[in-house]
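Quick mapping for you: the protein sequence lines, in order, are chains A and B.
Note that the numbering used here numbers the first sequence so that position 142 is 142, with each residue one more than the last.
Note that the numbering used here numbers the second sequence so that position 168 is 1168, with each residue one more than the last.
Keep in mind that the hints are not guaranteed to be accurate.
[Unchecked claim] In silico contact screen, one side only, chain A against chain B (beta carbon under 7 Å); selected entries:
(1) L102
(2) R168
(3) V171
(4) L173
(5) A177
(6) L180
(7) T184
(8) R186
(9) L188
(10) G189
Everything labelled a hint here was simulated from the structure, so no lab data went into it.
Glycine residues also receive a C-beta, built at the ideal position from the N, C-alpha and C atoms.
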Amino acid sequence: MTFVATVLGADWQTLADAFGLGGIYALMAVGIGLVFGVLRLVNFAYGQLVMAGAYALAFAYERGWPVWVGIILCFAVVVTLAVAMDWVVFRPLRGHSPAVMLVATFAVAFLMQSIALLWFGPLGKIAASLSALNQPWTISGVDIRKISIVATAVAAGCLLALVLLLGRTRVGLHMRAAALDFQTARLLGVRANRVIGSAVLVSGLLAATVAVMLTVQSPLVTPDFALRDTILVLAGVVLGGMNRLISATLGGFAIGFASGFLGGALPTNQSQYLPSFLFAAVILVLLIRPRGLFARAGQQAVERV
Amino acid sequence: MTTTPVLELDGLEVRHGAVHAVRGLSLTVDRGEIVGLIGPNGAGKSSTLHAIMGLVTSAAGDVRLHGRSLLGRRPEDVARAGVALVPEGRRIFAELTVEENLRLGLAGRGNGKGDGALRGAFELFPVVHEFRSRQAGALSGGQQQQLAIARALVADPQVLLLDEPSLGLAPRLVDVVFDALQEIRERGLAILLVEQRAQRTVALADRSHVLSNGRLRLTLGPEAAGDSETLVSAYFS
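Required output: the full structure, derived from the provided sequences and hints.
In structure tokens form, the structure reads like this:
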């Protein structure tokens, strides 16, 4: 670790931040990848779920409610919206072409952003109930912000829980099968609505978790909250390989880590070009390995339901 | 007194756009029966199975399980009602283990547990038991076919539909599959077998329907298996 830090010329705080952001992006990548797996749908409105969760936290903070009430409200709002999105938008469009569904998620994203603008105004709200996590912990003489460690730990915990859910439970097996070949899974009696509903629910839980983490780092909640993060995560997911959850997750982590690391290591006058460099890297990777960095060779795209 | 057959097709019609895939097909399959459905490519055999499973909508007619219509139900509901399909090309989940493939078959049972059903499938296909912790994609074609049939059986179905289970198999493995069907019939299932291998199907099945251009042309009993002239003329009528 010290070696890496020295070679990269960065301090521990930067590395820890990069891990934290990588973890948060990995969770977003899983949330997007899970729904893509069962619906073959790239949900561009995922960031707006996070945004809604952040507003819920700000709402609770403004009224001086306890932290846990804010977090519960955040989860309730995000999960409700995720499930509503499935019922109102995805379900009626399920038989349509991927292009139609993609455009629909764009519409949902802009709609939610506009509603946030109308309700809460353009100036933004503050969600600072967990800002104490920005204080450092001193570990053997090195200062590391608590949120970096908490975010890494929470991400690791969530990913572990997900691995257990997918690997050890009946609904997890059904979700994996549906992602591989939905039609055959249905022919065996796997219930499409239940599998899709579970994926949407889990992706909502992850979005809420991400909202809590992100508001610690940037407590000012505006209608475009998490928008930039979502675009980066989508780039990371494509970079890693969309077809497999594990490669999508790695891609999300990689781009979060790179973004956090370079953002911390570079001086401000250079780091403002960071997104351009990241996207240039994504384009380059896609030209060389169109299936993604971590995807297996020779794998075929599967049919949508 | 007539009893209600387990599976009954009644004037079934399937259209794919302008193409009339199945025209007024009626047949019944009862407990402990194998009914063969043979005919050239494009005769409407697979379309018939897809219509039973609810993968395609029927234009007219009815599909009944124990006298209750299955039409309009989703594929997963047809499966859970007791109809299992061994699809063409096996469609096993290559990236999952053999045992995970079998556990997916349990989805058709509705109620969760089914270790007994797994044992029943292992008895019929020891090779599936032997390789249960391997990736299904690593199995040979014949083993994959046995897995596909075992996976259908763990759902404990009343009706087993098979879409060309012998396709691409070496003769010895075709024997394994057909022997297994014989044994499954003795367990009291109703089997509807779609096949290209006409002669073997006619010999095994209690009766075989020859389909051509979506229409039922001829019904043959096992005794017709030796009569290749009838078979050939049935195919080209």
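Structure-based check of each hint:
1. L102: 25 Å, violated
2. R168: 11 Å, violated
3. V171: 10 Å, violated
4. L173: Interface hint status for A/L173: holds (6 Å vs cutoff 7 Å).
5. A177: Where the cut-off is 7 Å and the nearest Cβ of chain B is about 5 Å from A/A177, the hint holds.
6. L180: 5 Å, holds
7. T184: This hint holds: A/T184 lies near chain B, its Cβ roughly 4 Å from the closest one there, short of 7 Å.
8. R186: Holds - the Cβ of A/R186 comes within 7 Å of chain B, reaching about 4 Å at its closest.
9. L188: Holds: closest Cβ of chain B sits about 5 Å from A/L188, inside 7 Å.
10. G189: 3 Å, holds
Consistency with the previously given hints fails for numbers 1, 2 and 3, ordered from lowest to highest.
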